[in-house]
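All chains should be built: construct the whole structure from the sequences, respecting the hints.
Residue numbers (the working numbering), protein chains in the order written: chain P, 1 to 430; chain F, 1 to 221; chain S, 1 to 183; chain E, 1 to 409; chain X, 1 to 253.
No wet-lab data here; the hints were simulated from the structure.
Be aware that a few hints might be false.
[Unchecked claim] Residues of chain E placed beyond 10 Å of chain F at every Cβ, according to the derived structure:
no., residue
1, Asp46
2, Leu110
3, Glu222
4, Asp225
5, Thr258
6, Glu352
7, Ala363
[Unchecked claim] Keeping only pairs whose Cα atoms sit at most 20 Å apart, straight-line, the calculated PhoX-like set for lysine-lysine is:
no., chain 1, residue 1, chain 2, residue 2
8, F, Lys115, E, Lys273
9, P, Lys118, P, Lys83
10, E, Lys90, F, Lys181
11, E, Lys336, E, Lys90
12, E, Lys331, X, Lys66
13, X, Lys15, X, Lys92
14, X, Lys94, X, Lys138
15, X, Lys66, X, Lys94
16, X, Lys94, X, Lys144
17, P, Lys83, P, Lys132
18, P, Lys83, X, Lys91
19, F, Lys70, F, Lys181
20, E, Lys90, F, Lys175
21, F, Lys94, F, Lys70
22, X, Lys66, X, Lys91
A quick note: this is a predicted structure, and the numbers were derived from the prediction, not measured.
Glycine included, each C-beta is placed from N, C-alpha and C at the ideal position.
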Amino acid sequence: MTLVQLSRVTPGVSDWFFQSLSSPFIAAAGDSRLERLPIIARDLLTSRLPEPWRWWLNSLLAILVVLFGFAILFALLTLVERKVLGRVQNRPGPNRTGLPFTKLRLFGLGQPLADGIKMLTKEDIVPRSADKLLHFLAPVALLAFSILTFAVLPFGRNLVPVELDAGILYFFAAGAGTELAVFMAGWASRNKYSLLAAMRALAQLISYELPLLLSFVPVIMMAGTLSTTGVVEAQAGWKFGFIPHWHVLTPWGFAAFVIFMVSALAESNRSPFDLPEAESELIAGHLTEYSGFKYALFFMAEYFGMCALSAMAVTLFLGGWRAPLPFLEIVPSYVWFALKLFALLFGFIWIRATFPRLRIDQLTRFAWKFLVPMALINLGTAAFWSLTCNWSGPLQLARWAIALALVAGPFVVMGRKLSRDYAPRTYRYA
Amino acid sequence: MESLEQIRDRLLSRYPGAELSILNNPSPSAQHSLVVGGSAAREIAAFLRDDPALQLDFCSNVTGVDWPDKEIVETTRTTIPDPAGGPPKLVEQKTKRIQPGYLEVVYHLYSMALKQGPVIIRMRTGNRTDQVTLPSLTPVWRSGEFQEREVFDLFGVVFDGHPDLRRILMWDEFKGHPMRKDYVEPDDYEWEPTPHDEVLAKAKAHYPAPAAPAAPGANAK
Amino acid sequence: MSIAFLIIALVTLGSAAVAMSLRNLIHSALLLIASWAGIAAFYLWAGAEFVAFAQLLVYVGAVSMVVLFAVLLTRQSRVDMAIAPDALRRIVAALLAGGATLGVLFGAVVSAPLPIAASATPVTVSVRQMGQELMGTHAAALLIVGALLTVALLGAIILASTGREDPPGVAPPAVAPPTRKTS
Amino acid sequence: MTNSPIVALHGTPAVAGGNAPSEICHSPLAPGGAHVRSVRDEFHGDLLEVSMGPHHPSTHGVFRMIATLDGETIVKLKPVFGYLHRNHEKIGENTTYLGSMPYTDRLDYLCSMTNNWAYALAVEKLAGQPVPERTEYLRVILAELTRLLNHTCLAGFLLQDTGASGTPLMYAFREREKILDLFEALSGSRMMCNYQRFGGCRVDASPEWLEAAKRLADGYNEFLDEYEALITGNEILMARTQGVGVMPRQLAVSAGITGPMLRAAGVDYDIRKVDGYGVYPRFNFRVPLGDHGDTYDRYMIRVLEMRESIEILRQAFAQLPSGPIMDPKAKIRGFKPKPGEAYGRIEGPKGEIGFYLISDGGANPYRYRVRPPSFINLTVLEDMCLGHSIADAVIILGSIDIVLGEVDR
Amino acid sequence: MLGIGLLKGLGVTAKNLVGSFHDPARLVTTEYPEQRTKLPENYRNFPFLVYDGTAAIDGLRCVACKICEVECPPQCIYIIPDRDEKGRPTKKPKVFDIDISVCMSCQICVEVCPFDAIKMDQQYEIAEADRFDRLLLKREALAKPNSYYQEIHPAEAAQVDAMLAEARRKADAKAKAAAEAAAAKAATAKPGAANPPTRPPAPSGSTPATAAMKPATAAMPEPAVPPVQPTQTPAENSATGNPVAPKTGTPGA
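Quick look at the structure:
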């Protein structure tokens with residue numbers, strides 16, 4: 001049942017209209033009024049329109065809600081990031097900006113407003129020798145690609161903007177465009193060192209694309225479908241009444257989740273991998289020649305990328321919009337999705353507050369020599385896991401033990417090989 | 001730790017040609033120093049570093065000192081027999097003599113291996129104008145590299161054998177050596193906001209407009 | 001022939017044609033990538049989502065990077081971009097090659113049994129069936145595509161390495177020890 | 001505002017400020033203060049000459065490095081000094097002995113107490129001035145507090161260079177503030193203490209002050225444990241610093257390196273043990289030594305030295321005698337030591353800081369020389385950075401722990 | 001095992017994040033200007049001149065002896081002694097400037113001043129737009145009452161006042177003794193010529209300080225121990241007689 005049917009571009013009669021009528025009768029679990037609130041609101045708005053216009057309006061509504069939601073999330077995220085970073089460093093974080101011209105501080109909620117105005121009023125300098133069209137197109141392309149990825153994320157029980165059969169593939173296909181935009185940014189500023197830095201950022205993006213893609217393959221194998229709602233469906237139900245069937249709670253699922261998150265960190269240029277804006281990057285990476293609102297667009301795209309990747313991680317591994325415990329079903333599904341998303345985003349910020357930066361050669365070696373082999377071995381464990389799904393009783397424990405061994409073994413071996421020449425040392429005293 | 005005299009005697013025995021003398025230090029710190037002639041300085045330094053008894057492998061401090069020409073007034077008392085048979089008259093003659101100044105470089109040497117106290121050696125240039133070259137001890141102790149460049153920059157002592165003798169603190173186009181006693185700083189060098197006494201006198205030359213508009217009223221004499 | 005089909009065709013062919021005529025190598029490479037995206041749009045229009053996203057992921061994501069890296073690393077100087085003087089022989093060769101490919105394509109299009117009228121609702125092929133189909137009957141085709149991609153990658157590396165003075169095998173001379181006399 | 005001559009004066013071309021050495025042509029000045037231009041070198045292909053500084057986020061103060069890069073690795077690295085040079089030694093020769101004391105605070109402006117002590121020690125050696133017991137203990141307490149402060153700051157700056165977004169630096173500064181508050185309560189100013197005098201010190205430490213200092217020293221081990229949990233075992237930091245910027249023993253001794261850098265290379269030379277100045281022989285403390293001499297060792301040696309300093313502080317508080325803090329016969333004004341010379345040195349947090357004074361009997365010293373540890377420790381910067389990347393050069397410079405007030409004098 | 005160190009690091013940052021909400025030691029920011037840290041008594045910023053009584057200028061303790069001008073390392077004090085109509089120098093500064101853009105608040109002037117005429121202020125919000133006129137503090141701007149001095153440096157001021165009172169008492173006693181001796185001599189030599197009138201005892205206001213070299217420690221603050229300890233005469237050196245740095249409210253120590 002879909003909110004809007006983008007995939008069928010043909011004006012042929014789409015079947016959503018009939019399904020939406022039948023939704024109240026589906027005895028889906030937890031269909032309290034609160035649960036179906038967004039759909040009721042949507043039907044309220046579009047019920048009077050004749051048939052073809054209703055579909056246009058529905059899709060428009062979906063786009064508006066998704067874009068507006070993520071824009072607000074971006075604004076809040078910049079503030080929350082600086083507040084959490086501040087609190088970690090024993091200082092209160094921004095709390096001075098509130099409503100303009102009033103003494104109201106609002107715990108710093110005015111900060112995103114202030115940053116926005118600042119970015120808008122900053123002068124947008126374009127180097128004379130720059131390739132004007134590409135220079136302008138780069139941030140737009142980056143932002144477009146990261147917004148495209150929102151289309152397949154299941155925000156709630158039946159709140160997925162586009163119900164695609166190959167939703168996950170679509171997500172990563174759209175994500176792959178970011179490299180193109182980074183290249184355009186590096187090339188268009190006609191500055192040899194920003195091009196060098198762009199190539200370095202590309203190397204990082206490409207070398208972490210592989211573990212990212214490899215880490216979600218086991219999920220597809222277990223769920224048996226490429227559609228995001230299908231994956232969430234596959235994680236329904238609870239074992240022994242209180243352990244949900246989330247993928248993250250299986251050995252291969254946890255390993256895949258960790259690899260996915262580490263690669264997501266690298267894809268969105270976040271903390272241990274934030275190479276482009278490291279001062280050792282000669283200048284400021286491929287963002288050197290950008291200023292003003294274009295610079296802000298780059299950061300908006302980075303935050304959108306971060307949100308999209310964590311939303312996909314929630315869908316694939318943390319059971320999407322499913323409640324962790326049966327009796328918690330009364331809380332609507334989109335709230336669960338939001339909570340899990342905020343938890344992952346908090347993880348991003350927490351990691352940024354703690355870890356130093358990796359050098360470019362260590363970063364790529366970590367990807368190729370550790371993450372990719374781990375992902376491949378994890379594929380094997382997932383295959384073993386699916387083959388032995390009908391073991392029962394004591395065999396179940398054996399199945400868990402073997403799976404855990406298959407995950408932990410290579411981790412320890414490769415971990416030791418990777419950190420062969422780094423170890424805490426003991427010191428002698430004169 | 002051997003006394004300075006023993007070190008000097010051993011050095012003299014090894015290098016008969018070297019001019020070595022002890023400079024007594026009257027202050028209670030009693031850190032006497034060894035004045036080394038220019039020619040064999042580097043061999044002596046290498047010996048001091050490699051000698052098993054001394055092992056002075058750590059050159060802690062390289063300092064430049066400027067001793068300008070000193071005007072020494074000697075009063076010689078001569079008694080002249082009075083031609084008229086009277087009592088001999090005492091005549092004081094003041095002879096003014098200019099003792100030529102020199103630039104001096106002092107090295108404080110320690111031994112990290114044997115943890116022994118400072119052995120101080122000094123080297124002196126011929127005079128303060130043309131003979132200002134001294135053998136550089138950086139090939140013996142690498143710690144001299146920056147410090148000797150600083151002595152070159154601020155005092156003007158040319159160290160031959162120094163791997164990279166350039167100015168280190170002042171910028172390359174700077175003329176003159178600021179740490180010399182007779183260095184006259186350019187008078188617009190650092191103009192005080194509230195000049196008085198001699199700074200005011202110097203600053204007056206730089207006021208473009210009529211008398212001291214900038215000198216704050218309070219200082220009107 | 002719906003309007004969407006026309007728009008997509010126009011975009012794809014247009015970007016491919018302009019790509020050929022531009023002097024700036026990078027611009028033509030980007031337009032080439034745009035034409036690949038156009039082909040992906042075609043698949044979408046035809047309802048084959050999986051193929052469209054695969055096309056996007058593979059071509060626009062990965063092969064475009066290979067092409068752009070190859071273009072950058074080869075650093076051909078501008079001079080050899082000009083058309084060679086003896087144009088006559090080149091025109092004949094171009095016509096021959098063009099005519100041959102045109103003939104083959106035309107033959108394939110005419111003989112293939114295409115369904116005349118677009119069916120009401122295109123049959124939705126689920127990804128699972130496609131997976132079994134791909135791994136089963138078309139496994140050979142999959143391997144060929146894999147080989148094609150590796151060839152593209154190797155071509156990029158060879159193109160790039162021709163420009164270097166010393167052959168990649170010989171390591172660059174060890175860094176001279178820091179001579180004390182700097183300038 | 002009146003058109004004061006200052007503006008006119010400084011407008012004139014012959015301004016004394018000086019400009020950068022002319023051979024570096026000013027190519028586009030990019031944010032982050034890095035002038036870059038490409039240099040063709042006969043056997044490397046086109047090298048990249050990057051000038052980092054003088055105002056660059058990772059150089060600690062106005063220090064400039066001109067690094068010549070072959071792709072990623074550094075082929076040549078030339079430090080440029082002098083941006084903060086004010087000829088401290090000439091000022092010392094034109095001021096009285098007492099007048100130079102406040103200027104020593106401005107040498108290594110992170111550790112003013114140890115600078116004061118080194119200068120006071122040198123003058124006391126020159127004039128043979130005895131110092132009462134209580135002052136000797138107070139000097140040891142303040143010097144060890146300064147060592148804690150300096151090493152904590154260094155660990156924070158080093159992590160800031162590797163990219164941790166300020167968290168370790170904030171924890172370091174949180175502890176540093178407590179120590180600075182103690183200095184402010186005692187000497188009146190946080191960083192410019194001007195506290196020691198020849199033959200004693202200015203203000204006695206009240207029992208409340210001693211109580212607060214004791215509480216700080218006791219709580220410091222707990223902070224260090226938390227700090228090490230955040231940093232020492234961190235794999236990313238170990239990867240970034242182990243094996244980076246290795247300095248062999250012989251080079252360290254020959255280049256006159258002193259302080260934690262020397263002990264990280266494995267040379268056992270701590271002036272507190274060698275000279276035994278002040279009352280250090282009465283405390284038993286250990287001197288940590290490293291084996292590899294790389295950046296990680298330099299960081300770890302400083303952390304272990306902090307733990308030893310806490311040990312010294314505990315013993316010093318226990319043995320602190322009461323009694324006068326100023327030798328009655330010490331003269332504040334009209335202090336004219338007899339002609340002669342003296343070189344006094346102490347183990348400052350950055351290395352051996354020494355003062356070499358030549359007196360000609362007058363009120364002003366004839367020659368006033370400062371032996372700056374960070375200036376001399378920079379001799380080996382190029383040797384350590386060769387073969388590494390720019391990201392490592394930034395960390396190696398951070399591990400040397402330089403303060404430009406002392407480097408440029 | 002790879003990653004253990006990273007997890008420990010995350011643990012520390014988490015502890016600080018949680019701690020910053022309940023543990024004051026983990027949230028150390030004082031949000032100036034609303035909150036202000038309490039300045040310790042020894043805090044010093046720029047000097048000021050102390051005057052007794054109410055009249056600002058002629059109550060100044062400063063006798064324009066120029067010792068501070070000579071001893072000041074950056075030479076930022078400028079004094080011109082006042083002369084009365086007959087040209088004889090009176091013990092008052094006509095011009096007393098301190099250029100606080102040059103002064104580095106090293107308090108050497110306080111240390112060497114034999115008359116306790118100059119003390120260190122605790123006023124630190126003195127930013128100015130113009131570098132010359134308003135940063136050059138004249139005599140009128142520098143003069144502050146002794147009560148203000150009591151307020152900012154309570155212990156130190158108490159000790160200084162006790163010393164001055166002591167010096168004054170001794171001066172009066174000496175003057176009285178000299179007067180009696182003179183009277184006695186006059187009585188014995190009354191038949192002789194009348195003695196020249198004894199010099200009137202010095203005006204109580206500005207007793208010349210005892211010439212004895214004042215040990216540097218005396219001018220320093222006394223412990224904040226409530227009873228004002230008898231000032232330590234140079235000879236007698238009681239164990240706790242030293243001026244000690246008073247209790248310091250070191251926040252978070």
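Against the structure, the hints:
1. Asp46: The claim holds: E:Asp46 sits with its nearest Cβ about 25 Å from chain F, beyond 10 Å.
2. Leu110: Correct as stated: the minimum Cβ-Cβ distance to chain F is 21 Å, above 10 Å.
3. Glu222: holds (35 Å)
4. Asp225: holds (33 Å)
5. Thr258: The assertion about E:Thr258 is violated, with a minimum of 8 Å to chain F.
6. Glu352: violated (6 Å)
7. Ala363: holds (16 Å)
8. F:Lys115 x E:Lys273: holds (9 Å)
9. P:Lys118 x P:Lys83: holds (19 Å)
10. E:Lys90 x F:Lys181: The hint holds at about 9 Å.
11. E:Lys336 x E:Lys90: holds (19 Å)
12. E:Lys331 x X:Lys66: Judged against 20 Å, a Cα distance of about 19 Å means the pair holds.
13. X:Lys15 x X:Lys92: violated (62 Å)
14. X:Lys94 x X:Lys138: Holds: X:Lys94 and X:Lys138 sit about 10 Å apart, inside 20 Å.
15. X:Lys66 x X:Lys94: Distance of about 12 Å is within 20 Å: holds.
16. X:Lys94 x X:Lys144: holds (16 Å)
17. P:Lys83 x P:Lys132: The given pair, whose Cα atoms are some 37 Å apart, is violated under the 20 Å limit.
18. P:Lys83 x X:Lys91: This hinted pair is violated, its Cα atoms lying about 61 Å apart.
19. F:Lys70 x F:Lys181: The given pair, whose Cα atoms are some 12 Å apart, holds under the 20 Å limit.
20. E:Lys90 x F:Lys175: Roughly 17 Å between the alpha carbons, so the hint for E:Lys90 and F:Lys175 holds.
21. F:Lys94 x F:Lys70: Holds, at about 15 Å.
22. X:Lys66 x X:Lys91: With a Cα-Cα distance of about 11 Å, the restraint between X:Lys66 and X:Lys91 holds, given a limit of 20 Å.
Violated hints, in rising order: 5, 6, 13, 17, 18; the structure is consistent with all others.
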